[in-house]
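Going down the list, the sequences are from chains A and B.
Taking this note's numbering, the leading residue of the first sequence gets 1, the next gets one more, and so forth.
Taking this note's numbering, the leading residue of the second sequence gets 1, the next gets one more, and so forth.
A couple of the hints might just be wrong.
For chains that are exact copies, the list does not tell them apart, and a pair is met inside one copy or across any two.
Said to hold, decoys possible - Straight-line alpha carbon distances no greater than 25 Å define the calculated DSS-like cross-link-like pairs of lysine-lysine that follow: (1) 136 to 27; (2) 89 to 147; (3) 147 to 291; (4) 255 to 79; (5) 112 to 89; (6) 89 to 240; (7) 27 to 89; (8) 108 to 291; (9) 89 to 79; (10) 32 to 231; (11) 147 to 136; (12) 170 to 108.
The hints are simulated quantities; they were obtained by calculation from the structure and are not laboratory data.
Remember, it's a predicted structure, so these values are computed and weren't measured experimentally.
Here is how the chains run, residue by residue.
Number of protein chains: 2
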Amino acid sequence: MLNAVERKIEQYIISLEHPEILALYRKLPAGKRLRAKLILYIAGNNISSIMLASIVEMIHAASLLHDDVIDDALTRRNKPSLNAIYGNKLAIMLGDVLYSKGFNELSKLDAKIAQIVSDAVIKLSIGELDDVGMSKTFNTDKEQYIKMIYGKTASLIEASACSAALLAGKSQEKYRIYGKNLGLAFQMIDDLLDVTSDSQTLGKPALHDFEEGKTTLPYIYLYDALSDQEKERLRSLHGKILSKIDSAWVQEQMKAHNIPQKCYAQAALLIEEAITLMQTEGETKLLSIAKEMIDRKF
Amino acid sequence: MLNAVERKIEQYIISLEHPEILALYRKLPAGKRLRAKLILYIAGNNISSIMLASIVEMIHAASLLHDDVIDDALTRRNKPSLNAIYGNKLAIMLGDVLYSKGFNELSKLDAKIAQIVSDAVIKLSIGELDDVGMSKTFNTDKEQYIKMIYGKTASLIEASACSAALLAGKSQEKYRIYGKNLGLAFQMIDDLLDVTSDSQTLGKPALHDFEEGKTTLPYIYLYDALSDQEKERLRSLHGKILSKIDSAWVQEQMKAHNIPQKCYAQAALLIEEAITLMQTEGETKLLSIAKEMIDRKF
């Protein structure tokens, strides 16, 4: 089923009649195609759902291209990122091409679907801005963190599920919440992996987020659990390259205060709600996706 | 009339409920609002045309933000560019916010209008990519130059005129050609000014385009007129910072071969066609805009 999406995206790119863009697009890693999967599972294997899935994946690819420039990311899915190989400018421009093609094809679909998806892209781009803005200070506000990851990550997954439900004539609200919770849990687990995984598994240094100034959920929980003196120490390390001693201290404190378990429990709560919703709808494939999400190694 | 557009854009930005984005948006120079003017003159002063004009100007502002990052431009309309003050990353992100809000509002308009405008944004983003790609070699192909400036500059002006004509129930084709020619002539004159103006008037060094590797129309015409030996000299200077001697030589050759006149004549030809089309439609304001365009100081 996903093959049809890959072919459709290629068709969209080929229709631009620009060999350089096609060659660059083919260099991008396809990824898990989570958003496409959701759309196909919800709205079935038909031309409308394949088009919607392809458009959303083009928009997602565009957002990743810009995200990697903004985060100075040199790798994406354990391979060198496009900006690392061809420079930031080309990554920005290819992102703009994919965004504009995505929006153009989106405007050929049902107006309500175009609304849902383009609404999500606004949230996504604001979430990106908030992610960078928040990394300038030590954020201890969980609500603010949730709001930011909702925009940055969950909004397009939510829109995928919700627009697919609309396409299939299913209950939009249930699928919307399913997608939103899936997206939030995905980002929470991703942020947790940065703390619990070794750098080889991650393909980037562990605790990289914190060094970049990002106080993700584990740090918010940890800060809450520490003594005043320890709080000061954690604050003093924010946004800096960590020495081995400091790095070990952060990881010890995370373990000592059961932070991974707390983060995991928070993600699991969201996933449970998502699962319950899909059980009432008899959506076994969507159930599996949700279950697999919290079974990621952490 | 343009005030209504400024207010509408502000409304769109305010609806994002993000004070930082509003503050950044307010720092952007409004510019001439050429695209908005065309839309209002063609489709009249009503809510639909004000919405369309505001959306197109948001998209245009987004493209300029990314353009300045890609061109390493430190000034925009004689003021420091946003990327120069706040960095490239913020300019990319604000551009993405304006693009996505623009597309989102566009998807609420008539589907045909959304098609015309979003088609133009694809051309615009590909034109941007071609502009950068072409600057790596000494381009002597006028057709390729025209194709690139059509994408980069004329496509959105063409789409503005064409979509406004659709909105007003006027002849789309005539207005489309008017907009296209206006856009092409605008870019040709702009490229000519880089050769003929002094750096103070330009707000950037003269011959900057050529130093950046851009062989715009004056260079294509000049190359054509030079002897083989002189051709070699011009080629050898491409994409380099010019010494005073080389810079003076280029400008002398431009004068000696009447290059400004040739470029001007080419732009004037396009403008004349645009004027003729608007005369048959009795569009006096559009006539004036076209006339003013080739009266720019050069």
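Here is what the structure says about each hint:
For the identical chains of this complex, residue 136 and residue 27 are inter-copy neighbours only, at 21 Å across copies versus 33 Å inside a copy, given an alpha-carbon limit of 25 Å. In this homomeric assembly, residue 89 and residue 147 come within 25 Å of each other (Cα to Cα) only across copies, at 21 Å, whereas the closest approach inside a single copy is 29 Å. Proximity of residue 147 to residue 291 under the C-alpha cut-off of 25 Å is restricted to the intra-copy arrangement: shortest distance 23 Å within a copy versus 51 Å between copies. Taking the shortest alpha-carbon separations for residue 255 and residue 79, neither the intra-copy value of 30 Å nor the inter-copy value of 52 Å comes in at or below 25 Å.
Taking the closest pair of Cα atoms, residue 112 and residue 89 never come within 25 Å of each other, the shortest separation being 34 Å inside a single copy and 32 Å across copies. With identical chains, the CA atoms of residue 89 and residue 240 are at most 25 Å apart between copies only, with a shortest distance of 20 Å across copies and 27 Å within one. In this homomeric assembly, residue 27 and residue 89 come within 25 Å of each other (Cα to Cα) both inside a single copy, at 16 Å, and across copies, at 23 Å. For a Cα distance limit of 25 Å, the shortest separation of residue 108 from residue 291 qualifies neither inside one copy, at 34 Å, nor across copies, at 37 Å.
In this homomeric assembly, residue 89 and residue 79 come within 25 Å of each other (Cα to Cα) both inside a single copy, at 19 Å, and across copies, at 22 Å. In this homomeric assembly, residue 32 and residue 231 never come within 25 Å of each other (Cα to Cα): the closest approach is 38 Å inside a single copy and 52 Å across copies. In this assembly of identical chains, residue 147 and residue 136 lie within 25 Å of each other by CA distance solely inside one copy; the values are 17 Å within and 43 Å between copies. In the homo-oligomer, the alpha carbons of residue 170 and residue 108 lie at most 25 Å apart both inside one protomer (21 Å) and across protomers (23 Å), since each shortest distance falls under that limit.
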